[in-house]
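Trainee: The primary structure of each chain is shown beneath.
Number of protein chains: 2
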Amino acid sequence: MDQVNGPRDLKKLSAQELTALSGELRHLIMDCVRENGGHLAANLGVVELTIALHYLYDSPRDKIVWDVGHQTYIHKLLTGRRDVFHTLRCMGGLSGFPKRRESEHDVFETGHSSTSISAALGMARARDLAMERYHVVAVIGDGAMTGGMALEALNDMGQSQEDMLVILNDNEMSISKNVGAISTHLSNIRTDKRYLLFKRGIENALQKIPLIGKPLARLVEKIKDGLKYLMIPGIMFEEMGLTYMGPVDGHDIPKLLSAMRHAKEMKGPVLLHVITHKGKGWAASETDPEQYHAVSPKKPEDAGKGFSKTLGDTLVSLGENDPRIVAVTAAMPLGTGLAPFGWRFPARLFDVGIAEQHAVTMAAGLAANGYRPVVAVYSTFLQRAYDQILHDVCLQRLPVIFCLDRAGLTGRDGETHHGAFDMSFLRHMPNITVLAPSCPADLAAMIPYAVSLNGPVAIRYPKNGVHSSFVKKESFQGGKWSILGEGDRGVIFAVGRMVDRAMEAKDILKKRGINMTVVDACVVKPLDEEMLKRFTDMPLWVTMEDNTLPGGFGSGVTEWLAGEDTHIPVVSLGLPDAFVPHGSVGELDAMLHLDAQGVADRIESALGRTRRT
Amino acid sequence: MDQVNGPRDLKKLSAQELTALSGELRHLIMDCVRENGGHLAANLGVVELTIALHYLYDSPRDKIVWDVGHQTYIHKLLTGRRDVFHTLRCMGGLSGFPKRRESEHDVFETGHSSTSISAALGMARARDLAMERYHVVAVIGDGAMTGGMALEALNDMGQSQEDMLVILNDNEMSISKNVGAISTHLSNIRTDKRYLLFKRGIENALQKIPLIGKPLARLVEKIKDGLKYLMIPGIMFEEMGLTYMGPVDGHDIPKLLSAMRHAKEMKGPVLLHVITHKGKGWAASETDPEQYHAVSPKKPEDAGKGFSKTLGDTLVSLGENDPRIVAVTAAMPLGTGLAPFGWRFPARLFDVGIAEQHAVTMAAGLAANGYRPVVAVYSTFLQRAYDQILHDVCLQRLPVIFCLDRAGLTGRDGETHHGAFDMSFLRHMPNITVLAPSCPADLAAMIPYAVSLNGPVAIRYPKNGVHSSFVKKESFQGGKWSILGEGDRGVIFAVGRMVDRAMEAKDILKKRGINMTVVDACVVKPLDEEMLKRFTDMPLWVTMEDNTLPGGFGSGVTEWLAGEDTHIPVVSLGLPDAFVPHGSVGELDAMLHLDAQGVADRIESALGRTRRT
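These protein sequence lines map, in sequence, to chains A and B. Using this note's numbering, you'd call the opening residue of the first sequence number 1 and step up by one each time. Using this note's numbering, you'd call the opening residue of the second sequence number 1001 and step up by one each time.
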């Protein structure tokens, strides 16, 4: 490893040395991830594949586009970032995903699934238009392949026939149990005995069969039945106009190199099917990859827990008495906390795989026929289904409940994983109610309330529970905000995780002789206008949210205020109009002056300005 | 036709009478669409299919889910809406799309493409959970089948094996030339001679071949080559776990009924491939379906024209000198005005079919490798690519230019086709510039400006040109707003089509002794803060936009103002927080008080209020 400072150095190594290198790399990433957290299993699965790619291709001249991007640790180690690898996922350090600013070898940024084939096809077209010569390779997992966008891209590339390679990294298990017909197709290729028969040579077998009438007829029948797997493994891809190659063992470097060399020489679009094992080389992760999909850093950032678990517990309890309750997720039954609901009611949990668009509209179909589906997805991934929420759910005012886990800042996964936009993109949708609990107890109260509304509802909440530096007097009541502490110098309307922070800031300000009222603005849409009117004589309003400021909660408050015949200065605190980088949530809060001290200072300063004017 | 007041009456008719009915229905819709405008070709193509569906199935007990929904005129005529059919697409009359409030036979609303299989699968699951017994049918065109969402749904239903029928209405031509590998696959099924050979009986052919060594080897070779089409037409769908049936002539009622009866009896998911001709029975529409995809009403609503044409002309002219300019569209080369660019530079126009997500990220790939792609899509359809704009383009600050045609109110297509949300969903995306020309000349100036910005830019403009009731002093200059007329009582910041309206309102107000300033706020993001500051001493601000008010342009202005140490009353005029129904743009403007008179009255009233306080 010490000899490898870039892809060029790799090309000098023998196959044996490459295999030795793979062992060193595994140790390096295991050590680092144990300290900093990260996507260990996915990276252990692509060690040999990444080595082979950089051995055969000439990056950055050749373009390697990684899907999702959480499996790029080896890629980073092999492209000159070994010395800073210990900063992985730390504030100011290496990102856990490809970043163009980090390296010229990171040619396309990502974090969400199923984008790589589209991006790679655009690059191949750019190359052909410019009459340049280089290779374009997309590396995509079997889970990501079920995303509609990847299928749109296959459909386009299959017809237009640009030279490019798609490496299907089939780890037999995406984040959770793999779902869908495509997965079944891949699994058939892997396991079908008829396919193995083919590998031994179907022609040989044919020659041994006596050439008389009946056996031939049987043979023809057999060919008809077994045809798909016998003759053309991957016929689905062949049908789409791609040349299918594989499957090949993704942990055997010589075999991998041989298959990839062959694929590299071919013209037109090629799909190379590589079989890998998530967590290869690390026992715990190999046996339970969903559990170990993302490893938390050694020192947990936040002691609290509970929103995801509360969702599961509440749904199980509601589901016992209300048969209309069903649950839908997109490959995240564990992460969203839905799993216990599925254990209790297996027929009532639908995991559609990585397919957020379909998840939402399928839920709309369930709702149109009498059910009350709860769609639990991470906030950032629900962005994929923006049109489905608006056009398929809100338009018809269907009773679908969206549970947006990981809303707001999520920490070390960074820019692509913060749920920074949900209040902005949901707030302008007609007919929807948007809720944001400040503690798990409120989430538990909000779910039956959401069911009772008989229309679209979104509930957004952060990754971790809150510190609960205060005890709430009353729990969530029918869509109303609640006052948590009263003061005469101004009012803080805080949303979700920020309620906790507002209470801390209130305490700091109190010591400085400034008494502020804090309101838990747990209903983001519609605003609690009664409560807003109650405070129109206050000298200052402060809004607090961990959502981007444009179009967010604070924006809704200023929209409302503009229609009133009164002037109140409003300070809107939230995320800036920019992508927030990676770091612990605490570090990011401090950077953005959203920590208690920062909030208190900004309020004090605003009060100073207000007095002046 | 007089005998048919509902699906039940249909079931009494003979096959011959059904065929006669199809002729009557064709005349009815041709007469109506000539008057009111509408999607003539699509409806003429499904006359027999719709008759057969309502003959065989028991709607609304059985659920018929239409994809896109523009082909439901026959369905409306057969389900008790004949008497009000002349109100089609008129304000307050029948919608051109399925609406649950219109009829219990409209079980799922739509307007955008590729949603039907997801919705139908949700309904099938609801049925099975409730242990009810009814049929669920999705009717989807070959164009819509390339949408990723439809493929996600096929993937899910292929594996989960619910009983349901997907009718693939293959009209060999979606809106424009059909694209993609799936289309090629369908075309192969239709035209492949080997498939015809299969129809005549491959087994018979086999028996005639002498059973000796060499011919058998050749036969095996032949089977291997021709396999896909010989044995299993539609193998792609079979591979996904669906039973494929067809193709069947969609204009032959007896054949159609026979195939559909068979499909209805089968268990598990079935795909029935029906071949139809768009515009069947109407010569002009049969030969040029894209041109006749949507027929304009007899009396055009708006005399002006020009944004789409301006886009095409400008791109052709820019493209001559700048080889980086390429264009991308999603099945709308004519509607968006891109076609002339494609005629001039065939290799530089990419029509990816109905696949907005892929269109955007493929463009991002082109941009990442040096090109300047212009993605032209209707505003409402770009909603499908929300995440791709945010996560694949804005995150990397890639120079992709989005041209959003049909922004704002679009008229008689109604709720699903207004571009009512674009400023709200774009304004909160980091790194993007959002422009809105008030006239085609400004669009022409904005495109080179957008190219020069080297980052993401969205330009949104309405369906028709503007009336140009005034002559602008100067054209668009480098991202600055322009003052169109000065007055001291207040300032109207108007966007796009609303600039014209603001000038008309200004004239009306002038006659009442009220002089207003009008500003063309042609840059929606970032706001022209210099211009805003210039007017902080005005007694009233008015914002005007044809976009929903939450999170829109006016919202941006009030957000900005909240940070200033001054109080100015702001009246935000725009679309309400609701789905706006169908009607002519003029009628809708009047209904929403966005016509000149309505705007003038609201400003006068606001000035009265302002004086009082």
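No lab work stands behind these hints, which were simulated from the structure alone. Just so you know, these numbers come straight off a predicted model, no measurement behind them. Note that CB positions come from ideal geometry on N, CA and C, so glycine has one too. Take the hints with a grain of salt, since some may be wrong.
[Claimed, not checked] Which stretches of chain A does chain B cover? Using the computed rule of at least three CB atoms under 8 Å from a CB of chain B, they are: (1) 113 to 122; (2) 256 to 268; (3) 530 to 539; (4) 552 to 560.
Trainee: Of the hints given before, which are not true for this structure?
Mentor: 2, 3
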